[in-house]
Amino acid sequence: MPRLAIAATAGLFLLSGFAALVYQVLWVRELGLLFGNTAQAAALAIAIFFAGLAAGGWIWGRIAPRVRSPLKAFGFLEMGVAATALGHFFLLDLYHAIYPTLFTAAHGTDWAVIALRAGLGALVLFPPAFLMGGTLPMMGQHMVRLTGRLSTTGTAVYALNTFGSAMGALAAGFMLPPLLGFNGAYMLAIGIDLGVGLAALALALATVSISARPRDSKEQQRRRRMSAQQTQPRTAPPETRGNGELPGALIILVAFVSGTATLGVEVLWTRLFAQVLQNSVYTYAVVLVAFLLALSLGSLAANALARLRRPAPRHVLLAVLAASALVTAASPWAFHAVTGGLSYVGAGASWLEYLAAVSTVALLIMVLPGILLGVTLPYLLRLSEATSPEPGEILGRLVAVNTSGAIVGSLTAGFVLLPWLGVSGSLLALAGLYPVLMIPLILREPLSLPARLGWAAPVTAAAVTLLFLRIDGPAATQIDSAAGEELIELIEGTHATAAVIERGPHRLIRVNNFYTLGGTGALESERNQTLIPMLTHPEPRRVFYLGMGTGITAGASLLFPVERVDVCELLPEVVELAERHFRPWTQGLFDDDRVNVRAEDGQHCLRHADTEYDLIISDLFTPWKAGSGNLYTVENYRTGRERLAEDGLFVQWLPLYQLTEKELSSIARTMQAVFPRVVMWRGDLFADGSIVALVGTEEGVTVDPEAMVNHGRALADNPALPEDLLRAVGLRFYAGNVGTSDLFADAPLNTRDRPVVEYEAPRSQRRVQAGEDTWMTGSRLGLLYRELLEQTPPAQDPYLASLQPEDHGFVQAGQHYYFHNVLRFNERHDLARAQLQRFLALTPFEEPPPDPDSPETRSRWEEGR
1 MPRLAIAATA GLFLLSGFAA LVYQVLWVRE LGLLFGNTAQ AAALAIAIFF
51 AGLAAGGWIW GRIAPRVRSP LKAFGFLEMG VAATALGHFF LLDLYHAIYP
101 TLFTAAHGTD WAVIALRAGL GALVLFPPAF LMGGTLPMMG QHMVRLTGRL
151 STTGTAVYAL NTFGSAMGAL AAGFMLPPLL GFNGAYMLAI GIDLGVGLAA
201 LALALATVSI SARPRDSKEQ QRRRRMSAQQ TQPRTAPPET RGNGELPGAL
251 IILVAFVSGT ATLGVEVLWT RLFAQVLQNS VYTYAVVLVA FLLALSLGSL
301 AANALARLRR PAPRHVLLAV LAASALVTAA SPWAFHAVTG GLSYVGAGAS
351 WLEYLAAVST VALLIMVLPG ILLGVTLPYL LRLSEATSPE PGEILGRLVA
401 VNTSGAIVGS LTAGFVLLPW LGVSGSLLAL AGLYPVLMIP LILREPLSLP
451 ARLGWAAPVT AAAVTLLFLR IDGPAATQID SAAGEELIEL IEGTHATAAV
501 IERGPHRLIR VNNFYTLGGT GALESERNQT LIPMLTHPEP RRVFYLGMGT
551 GITAGASLLF PVERVDVCEL LPEVVELAER HFRPWTQGLF DDDRVNVRAE
601 DGQHCLRHAD TEYDLIISDL FTPWKAGSGN LYTVENYRTG RERLAEDGLF
651 VQWLPLYQLT EKELSSIART MQAVFPRVVM WRGDLFADGS IVALVGTEEG
701 VTVDPEAMVN HGRALADNPA LPEDLLRAVG LRFYAGNVGT SDLFADAPLN
751 TRDRPVVEYE APRSQRRVQA GEDTWMTGSR LGLLYRELLE QTPPAQDPYL
801 ASLQPEDHGF VQAGQHYYFH NVLRFNERHD LARAQLQRFL ALTPFEEPPP
851 DPDSPETRSR WEEGR
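My numbering puts the first residue of the sequence shown at 1, with every later residue one more than the last.
No lab work stands behind these hints, which were simulated from the structure alone. All values reported here derive from a predicted model rather than from experimental measurement. Careful: at least some of the hints might be erroneous.
As the list claims (entries may be wrong) - Derived CB-CB ranges, DEER-like:
1) Gly341 x Gly454: 34 to 42 Å
2) Pro419 x Ala841: 58 to 66 Å
3) Leu205 x Asp773: 53 to 61 Å
4) Arg564 x Ser359: 31 to 39 Å
5) Leu447 x Gly341: 25 to 33 Å
6) Arg62 x Ala319: 45 to 53 Å
7) Leu352 x Arg833: 43 to 51 Å
8) Leu467 x Leu447: 22 to 30 Å
9) Gln796 x Gly184: 53 to 61 Å
10) Pro538 x Asp746: 54 to 62 Å
11) Leu453 x Asp480: 32 to 40 Å
Quick reminder that beta carbons are idealized off the backbone N, C-alpha and C, glycines included.
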């Protein structure tokens, strides 16, 4: 076959790997949106996908030797993948329609919910994954028939496909969704598979096919294996034959355990990187690409090792297993050394500098270990050459077993080892699997029994040490002792690494080393996230919280005569820590019968709620964190609107100290597209680090001044408080009517298909850190407040229609007080005093409120600490 045709065939297989990873990324995301973005849902999606690959590899591998033209079969498989993947659109639309009914029917029964999700997920993922699983055996059968050597050709094919997967992960993480949207990216992958299939068929027609032999009898197969052993390529050393060969069962065991260890290590390394990175879609993509590149290089290394005459292949395998154990066991300490003890990677760097820093660290940490981990499976092809004459069957069997091990490894690492042993202990335990594999290999060596036992003894000791002795690894989170921090409790759980830390007199929860979820140093600010919206509602009886954190915000709802409070927090580790360490500040949140706290994706909870709510309060989230952008989409706001009772309020809190004008505009524009009325409330009057709430309602909803007075007197337990004072206290936080303004008219909508916030916020964060942009705080925010009131003055604001004319000044007063704080913060004291006097002239306050210093433990990303 001409070299050009071989190169073209190789290119097709590279594109096949590219499309496969694009599918995988998009499928896991889509099922997460349907089932909830929990670790369990993601693991279930990956397990179904891998199960399809394993089943396809095994079955199509057995078929491959009987196929007359494996290249043509490969083409049909690729077209089959495209066809079954196309059903994604119909099936997911159907699922979104029927899943709520099925979920309600299974509600309260964990096994039924898991079975429901597994069944629905399998209908989407299994058919295309099953067909994908057959592409490697077919391509391997085709290429090895041409070249005549399984070990070198098979490893090269595997390396090529893995490299294509790495490029697919890069494209799916960085380029395709922003350019094409997720649906467009999915259609591109379908188009690639269709094109690859058609090209393979055309190439097969232009190639003289190698006819498939009829299936041999057992005696013929035995004679052919003996013939294959006697006619091995002259590069194969004599030591690989006879008693030195490995039985097929042992090769299968090595393939399975190596898959378990490799995917388990990937899960644990991903958790380590989560402690030092931005944790955006981009950084997760960088880590995945680096890992896949390392595996691809491992396949190339296996290709080179397969060409060696010395040492014997089984000795090479022993050396690879020993080295894999060493680098896996050392990786926690290596990670700490490279990252300076879990310091934030790329602090202060611009966007491109940050990506370069992250890529460098990922490659430094993962390339050498990843190469060694990636050698084992493809090198088993060298050891399998004499066990069967059919390359497709060998490839299919090994990949099926290895992928099955990968399912076990990913689930065990994430749901058993991590909560039990932590990251470091889990990596040591996985490292112990490699010396366990070495023991039967050593015992098969053609040596005397004492010699074999002498070699096996230290390997056994290493296995026992790694598997059963608990060795303290590096710290799982940074504690800043110089700032007075003290670790109270740490949980390394299935979703995140979470810690309760005391910093001086304050207590806080920190997730993944750098994100503070709030704490007792921000009591007033956190409670305001409930008090401000509830003060404006005449009768808040049913309240839903999307996100919980410390529970201080949700607990404030119990200061009102509510009937039901539903709280959904994505991270079970956070729920556990909040319940144990924040009870004194949560008003009985974890003991009150009216409250239901669930460790579940809040979007999923809200979508399947069995009631309507007077208030839905969506907490502060890190905008650039992967998955957070979905909370600001048209689809999520539509769900919120559907779950509101009559005159209900959907309250979206936004951390302006983590948003630039671009992201804020997109979120505001998106809410305008869903809710007939959108207004903005300030969560504070701080000069820096402010938060605001975008409140979505139906058209006729107005602020209720009587409710402000009644609620205010009840909270203060003082029925004699003046009405104008209570209205002034509340209305000074009102910023303006977003729905009647055109300030955000040109901003892009944020949708699940085109998640603008999720892809723009990470870039904005780096620009701000590099001094190239600023957050929407300080004077920049003040200008927005001014423009809102200029476009819709209080007297013309339909949301304020229930106010008396004299109340309009309270709204203006809040703006003056904000400018007072900004000017004072910038040491413009004369101008600040003038703004304060205007504030006092418009309100019944006899003196200004207490100095509004920013809270010490507010929810924020602490890159600079």
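Each hint, compared with the structure:
1. Gly341 x Gly454: 34 to 42 Å: holds (40 Å)
2. Pro419 x Ala841: 58 to 66 Å: At roughly 59 Å between Cβ atoms, Ala841 and Pro419 fall inside 58 to 66 Å, so the hint holds.
3. Leu205 x Asp773: 53 to 61 Å: This hint holds: roughly 56 Å between Cβ atoms.
4. Arg564 x Ser359: 31 to 39 Å: For Arg564 and Ser359 the Cβ distance comes to about 49 Å; the hint is violated.
5. Leu447 x Gly341: 25 to 33 Å: violated (45 Å)
6. Arg62 x Ala319: 45 to 53 Å: At 32 Å between Cβs, range violated.
7. Leu352 x Arg833: 43 to 51 Å: holds (45 Å)
8. Leu467 x Leu447: 22 to 30 Å: Since Leu467 and Leu447 have Cβ atoms about 26 Å apart, the given range 22 to 30 Å holds.
9. Gln796 x Gly184: 53 to 61 Å: violated (42 Å)
10. Pro538 x Asp746: 54 to 62 Å: violated (36 Å)
11. Leu453 x Asp480: 32 to 40 Å: Once the Cβ atoms are compared, 51 Å apart, the range 32 to 40 Å for Asp480 and Leu453 is violated.
In summary, the numbered hints that this structure violates are 4, 5, 6, 9, 10 and 11.
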